[in-house]
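S.K.: Same order as they appear, the protein sequences are chains A and B.
The first sequence: position 172 = 172 (full-length UniProt numbering), numbered continuously.
The second sequence: position 221 = 221 (full-length UniProt numbering), numbered continuously.
Worth double-checking, as some hints may not be accurate.
20 Å max Cα-Cα, derived EDC-like pairs, lysine to aspartate or glutamate [to be verified]:
(1) B:K47 / A:E117
(2) B:K66 / A:E133
(3) B:K47 / A:E37
(4) B:K66 / A:E117
(5) A:K41 / A:E134
(6) A:K47 / A:E4
(7) B:K245 / B:E186
(8) B:K184 / B:D233
(9) B:K66 / A:E37
(10) B:K66 / A:E142
(11) A:K41 / B:E68
(12) B:K47 / A:E4
(13) B:K66 / A:E134
(14) B:K245 / B:D233
(15) B:K47 / A:E30
(16) B:K66 / A:E30
(17) B:K47 / B:E62
(18) B:K66 / A:E139
(19) B:K145 / B:E159
Note that these hints are calculated values from the structure, not bench results.
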Amino acid sequence: MDTEFFEQLALPLFDSLYNLAHWLTGNRAEAEDLVQETYTKALRGFKSFQEGTNIRAWMFRILRNTFLTSRSGLMARNTSWLEDEDTDMDLTIAHTDTPEALLLRQENQQTIVDALESLPAQFREIILLCEVEEFSYREIAEILSLPIGTVMSRLYRAKHALRHALKAPRRAQHAL
Amino acid sequence: MHCDQDGAMLVQYLDGELSADQASALQQHIGECPRCAAEVSELIGLKHSLRAARSRFTPTIEFRRKIERQIAKPRHNWWRTRFVSALATAAVFLVIAAVLWMQRSRHTDSLGEVADLHVEALASANPVDVVSTDRHTVKPWFQSKIPFSFNIPELTGTEFSLLGGRLVYLHQQPGAQLIFNLRKHEISVLIFQKTTEISNALPAGSRTEKRNSFTVATEDSQQLRFVIIGDADANEMQKLAQLIKIANE
Numbered sequence: 001m002d003t004e005f006f007e008q009l010a011l012p013l014f015d016s017l018y019n020l021a022h023w024l025t026g027n028r029a030e031a032e033d034l035v036q037e038t039y040t041k042a043l044r045g046f047k048s049f050q051e052g053t054n055i056r057a058w059m060f061r062i063l064r065n066t067f068l069t070s071r072s073g074l075m076a077r078n079t080s081w082l083e084d085e086d087t088d089m090d091l092t093i094a095h096t097d098t099p100e101a102l103l104l105r106q107e108n109q110q111t112i113v114d115a116l117e118s119l120p121a122q123f124r125e126i127i128l129l130c131e132v133e134e135f136s137y138r139e140i141a142e143i144l145s146l147p148i149g150t151v152m153s154r155l156y157r158a159k160h161a162l163r164h165a166l167k168a169p170r171r172a173q174h175a176l
Numbered sequence: 001m002h003c004d005q006d007g008a009m010l011v012q013y014l015d016g017e018l019s020a021d022q023a024s025a026l027q028q029h030i031g032e033c034p035r036c037a038a039e040v041s042e043l044i045g046l047k048h049s050l051r052a053a054r055s056r057f058t059p060t061i062e063f064r065r066k067i068e069r070q071i072a073k074p075r076h077n078w079w080r081t082r083f084v085s086a087l088a089t090a091a092v093f094l095v096i097a098a099v100l101w102m103q104r105s106r107h108t109d110s111l112g113e114v115a116d117l118h119v120e121a122l123a124s125a126n127p128v129d130v131v132s133t134d135r136h137t138v139k140p141w142f143q144s145k146i147p148f149s150f151n152i153p154e155l156t157g158t159e160f161s162l163l164g165g166r167l168v169y170l171h172q173q174p175g176a177q178l179i180f181n182l183r184k185h186e187i188s189v190l191i192f193q194k195t196t197e198i199s200n201a202l203p204a205g206s207r208t209e210k211r212n213s214f215t216v217a218t219e220d221s222q223q224l225r226f227v228i229i230g231d232a233d234a235n236e237m238q239k240l241a242q243l244i245k246i247a248n249e
């Protein structure tokens, strides 16, 4: 396992690692620091990487763990780290909007981006891993060091929260 | 309209995380339940719109280069380390080789000069400054001329005979050249004090080598360095060298 091999495996992940890093940190400078540290750690730990196992999940796991210890990661943990036990959060979907209206709304890219950004880091992270990176639940469980059941429930609640956030601007408009 | 369908199940269904059996059962349910159908279509819409987040942020080219360099760096370092150490090793060897070569070439030059002295003496009309077969005559002749003294071996009972001696200079160092005769062969014995110049110029220790058509033997005593040169065979040359050495121990 040499550097050249690492380069072949890890460098193609650069764009998506950066994208997630930016989503998590919220700015370019921190995202760059996060990605750089991820590659440094990965390169250093590459000997321990088992050939044939999932390098993508491995790299994202490093990125995510690195994020948790970063400044914005700690902030996210302190401010909005939700418990994974079932909360009293109302999970029933409010059908105030028709699906068609919602779809139209969702077609607006800025709206979805804003909604994602409004989510707690924990929710944003799991949605991005699932929907953007298309990791399986098993892979997400590996990346986040969570039991698969927790991945399922958190993902469900995250998607619910996202939908809630998507409706929020319209509610605000209605209120006016 | 009542549906007790678990909402999380629909999410898992769309994420492709249900088993084939679970998926087909749920599919059937969605076909019958408008509420779940609406929910699924909303979730599909959400999935679709989340594609916008896929390449929302793109790294700069500069940053990409930086990471590429970072990954490539250890390898370059490794290569550089290897290269530098190889270069250093090569340099050390080169220096050693150069020193050896210089020494050798100096030795070569000096032995060549010794050979010249020998030839010059033989070619000269007056090969020796002091003509004497008597070692007790030759030795005192050198006393005021060279800054050291040496012994000439007793040659009685050997085939060697002393022809005489003359004063020589090698690398600005004064020395004695004694000429011996062995049957038809003339042999020169050059005696020098072990000064730095002579030590550098003439190889140390007992050795015999061929130089042009001559055999050259070298010997050392405590203070002196001897070079025996002549056209006799190597055994005879070494025999004389031994006699000289023993006489000066």
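S.K.: All hints, please: hold or fail.
M.R.: Now the hints, each set against the structure:
1. Proposed proximity of K47 (chain B) and E117 (chain A) is supported: the alpha carbons are some 16 Å apart, at most 20 Å.
2. Distance check on the hinted pair: K66 (chain B) and E133 (chain A) sit about 24 Å apart at the alpha-carbon level, beyond 20 Å; violated.
3. In summary, the hint linking K47 (chain B) to E37 (chain A) is not supported, as the alpha carbons are separated by about 30 Å, beyond the 20 Å threshold.
4. The suggested pairing of K66 (chain B) with E117 (chain A) is violated, with an alpha-carbon distance near 28 Å, which exceeds 20 Å.
5. Proximity of K41 (chain A) to E134 (chain A) is assessed by CA-CA distance (about 24 Å); at most 20 Å being required, the pair is judged violated.
6. With a C-alpha separation of about 13 Å, the suggested pairing of K47 (chain A) with E4 (chain A) holds against the 20 Å cut-off.
7. Taking the CA atoms of K245 (chain B) and E186 (chain B), the gap is near 19 Å; set against the 20 Å cutoff, the hint holds.
8. This hinted pair checks out: K184 (chain B) and D233 (chain B) have alpha carbons roughly 12 Å apart, not beyond 20 Å.
9. Taken as a hint, the K66 (chain B) and E37 (chain A) pair is honoured in the structure, with Cα atoms around 12 Å apart against an allowance of 20 Å.
10. In summary, the hint linking K66 (chain B) to E142 (chain A) is not supported, as the alpha carbons are separated by about 29 Å, beyond the 20 Å threshold.
11. Between K41 (chain A) and E68 (chain B) the alpha-carbon distance is near 14 Å, which keeps this suggested pair within the 20 Å criterion.
12. Restraint check for K47 (chain B) and E4 (chain A): not satisfied, since their Cα atoms lie roughly 36 Å apart, outside the 20 Å limit.
13. Taking the CA atoms of K66 (chain B) and E134 (chain A), the gap is about 27 Å. The hint is violated against a cut of 20 Å.
14. Distance hint between K245 (chain B) and D233 (chain B) is fulfilled; the C-alpha atoms sit about 18 Å from each other, no more than 20 Å.
15. Distance check on the hinted pair: K47 (chain B) and E30 (chain A) sit about 27 Å apart at the alpha-carbon level, beyond 20 Å; violated.
16. Of the pairs offered as hints, the one joining K66 (chain B) and E30 (chain A) holds, with about 15 Å between alpha carbons and a cut-off of 20 Å not exceeded.
17. Among the hinted pairs, K47 (chain B) with E62 (chain B) is inconsistent with the structure: their alpha-carbon atoms are about 32 Å apart, more than 20 Å.
18. Restraint check for K66 (chain B) and E139 (chain A): the C-alpha separation of about 29 Å exceeds 20 Å, so the hint is violated.
19. Using a Cα cut-off of 20 Å, the hinted pair K145 (chain B) and E159 (chain B) is violated, with the two alpha carbons roughly 29 Å apart.
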